[in-house]
Amino acid sequence: MHPRKRIEIVVEAVRAEAVTDLLDRLGATGWTVLPVLAGRGRQGIRRAGDPGGVDDNVVVLCIASAEIADRVMAAQAELLGARPAIVSITDCVVLRADHF
Amino acid sequence: MSFADLLPPPVLFFALGFAAAALRSDLAVPDALAKALSLYLMMAIGLKGGIAVAQPGAAAAMLPALALGVALSALMPVPAYALLRAGTRLDRATAAAVSAHYGSVSVVTFAAAAGQLTAAGVPYEGFMPAVLAAMETPAILTALLLARRGGEQTTGGGRELAREVLLNGSVVLLLGAFLIGWLGAAGAERQLSPFITALFPGALCLFLLEMGLTAARRLRDRGRGLDVRLVGFAVLMPLLGGALGLGAGLLAGLSPGGVGLMAVLGASASYIAVPAAMRMALPAADAGIYVTLSLAVTFPFNILAGIPLWLWAARAATGAG
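Chains E and Y, in that order, are what the protein sequence lines are. Be aware that the first sequence starts at 588, since it is given in the numbering used here, and climbs by one per residue. Be aware that the second sequence starts at 5, since it is given in the numbering used here, and climbs by one per residue.
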């Protein structure tokens with residue numbers, strides 16, 4: 588088992604591509620985007636499925652080395668900007684070291 | 005005037021959806037179906053318009069109506085922005101974003117008005133769907149100029165903005181279907197009539213049921229950020245826009261049905277295309293405000309009060325009774 592960092596970013600669906608582009612540029616070997624049904628935070632409840640898709644959120648998951656995770660932290664200005672997002676990084680282990 | 009004229013089935017389905025969500029019923033329309041219905045409505049409106057314009061002489065007066073529609077969409081954000089800045093506490097970015105919604109138009113409000121005209125047997129110019137498509141995006145540009153003038157940061161370069169304005173999904177489908185209908189003319193009508201005409205009122209009812217559910221849920225989840233002045237704007241602005249649209253329709257020399265639709269276009273506010281564009285271009289603006297005002301206040305107001313008001317005003321103003 589090999590230790591890695593699991594980066595989890597909850598972000599507006601319209602911004603998902605900008606986030607995955609950033610992860611690519613920082614050297615991530617891959618990422619996964621998951622849809623979000625609903626959530627509640629400082630701005631109240633957000634439910635997916637409004638006609639314009641403006642309230643839709645996604646989770647961008649990325650498993651990466653500690654070095655890449657540090658780069659993501661350093662890029663937080665670009666990652667967040669004026670936009671709401673939740674970024675968390677946790678420790679995880681993976682089976683195949685050469686994939687991440 | 006009978007009960008059915010005042011409250012046609014699509015309006016009643018909207019009310020049903022609104023009441024169901026307000027009472028916390030578990031009634032829901034799947035997202036994918038709602039999106040498909042909205043595509044269907046745009047496609048049917050575009051095709052019907054194109055087929056109608058293919059009739060000899062039917063395209064006359066299209067250019068003045070198109071030009072006035074574009075001018076209306078481009079100019080309406082200016083009074084909207086001024087009203088918001090003077091009368092409410094909205095910041096510049098959010099005021100500019102809201103003003104874009106009110107300059108642009110709502111396809112479903114148009115569909116509901118056109119449905120009422122058809123049900124009442126009142127004809128209208130076939131090219132009105134082209135006017136609808138032309139009015140979707142000029143307001144976005146004006147609002148971004150207003151925001152930039154106010155010193156707000158807008159994101160996305162010229163290319164992204166051009167893509168948003170020219171290749172916006174609803175514009176592509178409306179204009180594409182309009183052209184296909186125009187080119188296909190009589191053959192298209194024969195083939196597609198059951199799909200685009202017979203199914204239309206039912207699809208509109210189902211979509212408005214979903215809109216009623218969405219509007220009521222939105223008010224419940226996000227309505228707390230609204231104050232009396234914002235709600236006042238969301239009712240006042242469609243009245244101003246509708247009056248301007250009525251004037252533009254008369255100036256373009258449209259029929260009573262056409263003038264009514266132009267007024268409804270002026271009164272309507274976008275809740276699909278513009279929110280997405282504003283989220284990209286003006287990220288600092290509060291989407292909770294602009295989507296809620298347009299979708300949960302102005303849209304119901306137009307469906308319940310605005311459409312009958314403008315269709316009546318158009319008949320009165322054109323002397324058609």
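There may be inaccurate statements among the hints.
[As the list claims (entries may be wrong)] Here's a subset of chain E near chain Y, in silico, CB distances under 10 Å, partners left out:
1. ARG633
2. GLY636
3. GLY639
4. ASP657
Read the hints as simulated data drawn from the structure, not as lab findings. Note that CB positions come from ideal geometry on N, CA and C, so glycine has one too.
Violated constraints from the hint list, given by number and in increasing order: 4
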